[in-house]
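S.K.: Given next are the chains, with one letter for each unit.
Number of protein chains: 2
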Amino acid sequence: MARPTIVDIARAAGVSKGAVSFALNGRPGVSDKTRARVQQVAAEMGWLPNVAARSLAGTRAGAIGLVFARSADTLSAEPFFMRLIAGIESELSLRSVALVFQVVTDHTAEIATYRRWAAERRVDGLLVVDPFVDDDRIGPLDELAMPSVFVGVPPSDDLVAGVWSDDATSMSQVLKHLVGLGHKRVVRVAGSNNHQHVQVRNETFRRISAELGLDEAMIVETDYTAEQGAQATRAILMSPRPPSAIIYDNDVMAVAGLGVTQQLRIDVPGELSLVAWDDSQMCRICHPTMTALGRDIENFGATAASLLLDMLDGQPPRKIETPAGVLIARGSTGPVDAQMHTTPR
Amino acid sequence: MARPTIVDIARAAGVSKGAVSFALNGRPGVSDKTRARVQQVAAEMGWLPNVAARSLAGTRAGAIGLVFARSADTLSAEPFFMRLIAGIESELSLRSVALVFQVVTDHTAEIATYRRWAAERRVDGLLVVDPFVDDDRIGPLDELAMPSVFVGVPPSDDLVAGVWSDDATSMSQVLKHLVGLGHKRVVRVAGSNNHQHVQVRNETFRRISAELGLDEAMIVETDYTAEQGAQATRAILMSPRPPSAIIYDNDVMAVAGLGVTQQLRIDVPGELSLVAWDDSQMCRICHPTMTALGRDIENFGATAASLLLDMLDGQPPRKIETPAGVLIARGSTGPVDAQMHTTPR
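If you read the sequences in order, they're chains V and F. For the first sequence, my numbering assigns the number 370 to the initial residue and increments by one for each residue that follows. For the second sequence, my numbering assigns the number 370 to the initial residue and increments by one for each residue that follows.
Incorrect hints may appear among the rest.
Which copy? The list can't say, so a pair holds if one copy fits it or any two copies do.
As the list claims (entries may be wrong) - In silico lysine to aspartate or glutamate, EDC-like type, Cα no more than 20 Å apart, as pairs:
#, residue 1, residue 2
1, K402, E413
2, K553, D526
3, K545, E460
4, K402, D511
5, K386, D504
Since the hints were made in silico from the structure, they are not lab data.
Excised from the complex, chain V in its bound form (with noise of 0.2 Å):
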């Protein structure tokens, strides 16, 4: 016997094609006693599950892959990752497609793990994080002929579908609020340069804070943890000309720098403002609440979520803007003291 259809179960277990779908999908919409029966008869009638039919058929796995390759102590601190999960979830699981994950320590075990389940038909296609200058994955997912998205700056090749929020008029708002309270000297402390979005930010920073008049603008780099935004503020708060605003690349840089302004007694916002990119709960409940860059990092994911799936289904790669971040004034920035900045502390 051929393998049945929804429309042959339905016929035989007496009920409509939607009550067969939602009960062999395990969705809510149809009562145990229904779900029971269709499953039985289903399974009477030699029917296949998905995932062994899909791979029988040589179509699809029906499941979506993404490697974070970064330490368990840093996706754990930064809340935009579970945002960002959460976000491709949404989108996958109306379209009942299952994400396989997996944390790896380095591009070289993130690469390999593309390859095995390449080779084991594990997952449809692939979300790749952190997109950086000269990415070399882009080579071996080349080989592999997996349908990716990057999440985040996306190469610039036109074969590489990816996601992205505007950051260029994010970093304007942060910084048109700065000169709004009067600041005239404001330092970045930045992620890694190897990141494309921490060189699009870079860049956007450094042209913005000239049309806006402001004094040289500063970058520290950093790896991201608290541990380096911390120091960075340290030696900034140290320096011969210390500036009046700062602004951290992460939530969680942001809230180790406020710390080092009280252990150094620096009062914020009188002293000094400063603002967190990407905004969560940390930001909320520290004191002062932080002023921050609120991005929709759920919907950041579904974007890159859902632009994969229409890839699966025959659509060409594309790139996708998505909106820029909202600035979120709080009470870590404030109106400069004219007379606290005009001579060195």
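Assemble chain F onto chain V, guided by the hints.
M.R.: Just chain F, lined up with the frame of chain V:
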């Protein structure tokens, strides 16, 4: 032609069995050239990749499932979850087992996901997090005959496998530290009483408080969010007889509580000591730094994954107690100023 074995492929390609295994599983250990040759030979001989082959043979999906039924906001706020995943991954990657991961809104959707995965033969087993009182996931899991390990205090049922940590020893450490500093009134800000582990911690808190001769052990129930952590702290500090120390059930609430003390201008640790259950970067970067109960959450996740994989290899379900956390004394706990706490604030 029958499905070729690794030995057949090794002979045809003129390489070792190990090299074939490395090449086909996408693992390091062979040159790119050898990998390419082995893959070509294997393809010519009709080698069927693992996932499809295993599903077809009705054996293994080669993956285990994990569902978080929490809001994206809670997940991203608590570093616990990503550390747990990292620990799970560390064990899975050793055995080339994939993690299929889904975030859903509630337990109904969680159970629906388990049903769907079972219908699709998507996973071989499940890690079930956040065990709760009268856990209604046990019935469906039994029905699906899906090997499962509960992560956190497992249900008492002999057939249910689980891992948990020794919260009694941890609680004893925390309370002895506070008593050693002269504290007599300690309040616990707990998570939801529906969770098994919260009940266990509540009972231990009451028992050990009594053993150590502390004043009436007060417990305030919350939902683990920063908002309720802050609210509980405010209520506790405004009460007629405020305590000299507060123990929080997670790091997020403890740091939120610290924010409240700063707003109320209550000196920590001069007037009030704070302790967080579960250490995190957040505890290390706030000011003062937060005394915390540090658990090896990665090991907790790895132990759970290892137990599940053993069960998939035919071992019986077990219950495994992982080591107690270790108290990390930092700036947020200090000696009681006796005068300050003899009269209500």
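S.K.: Should K402 paired with D511 be assigned to within, between, both, or neither, using CA atoms and 20 Å as the limit?
M.R.: Between copies only: 16 Å across chains, 48 Å inside a chain, cut-off 20 Å.
S.K.: Quick one: K386 to D504, C-alpha cut-off 20 Å, is that within a copy, between copies, both, or neither?
M.R.: Neither. Shortest intra-copy (47 Å) and inter-copy (32 Å) distances fail the 20 Å Cα cut-off.
S.K.: Given a CA cutoff of 20 Å, do K402 and E413 count as a within-copy pair, a between-copy pair, both, or neither?
M.R.: within (17 Å within a copy, 48 Å between copies)
S.K.: Check K553 against D526 for me: Cα-Cα at most 20 Å, and say if that holds within a copy, between copies, both or neither.
M.R.: neither (38 Å within a copy, 66 Å between copies)
S.K.: Can you give me the call for K545 and E460, within, between, both or neither, at a CA distance of at most 20 Å?
M.R.: Intra 35 Å, inter 48 Å, cutoff 20 Å: neither.
In summary, the structure is inconsistent with hints 2, 3 and 5 from the numbered list given earlier, while agreeing with the others.
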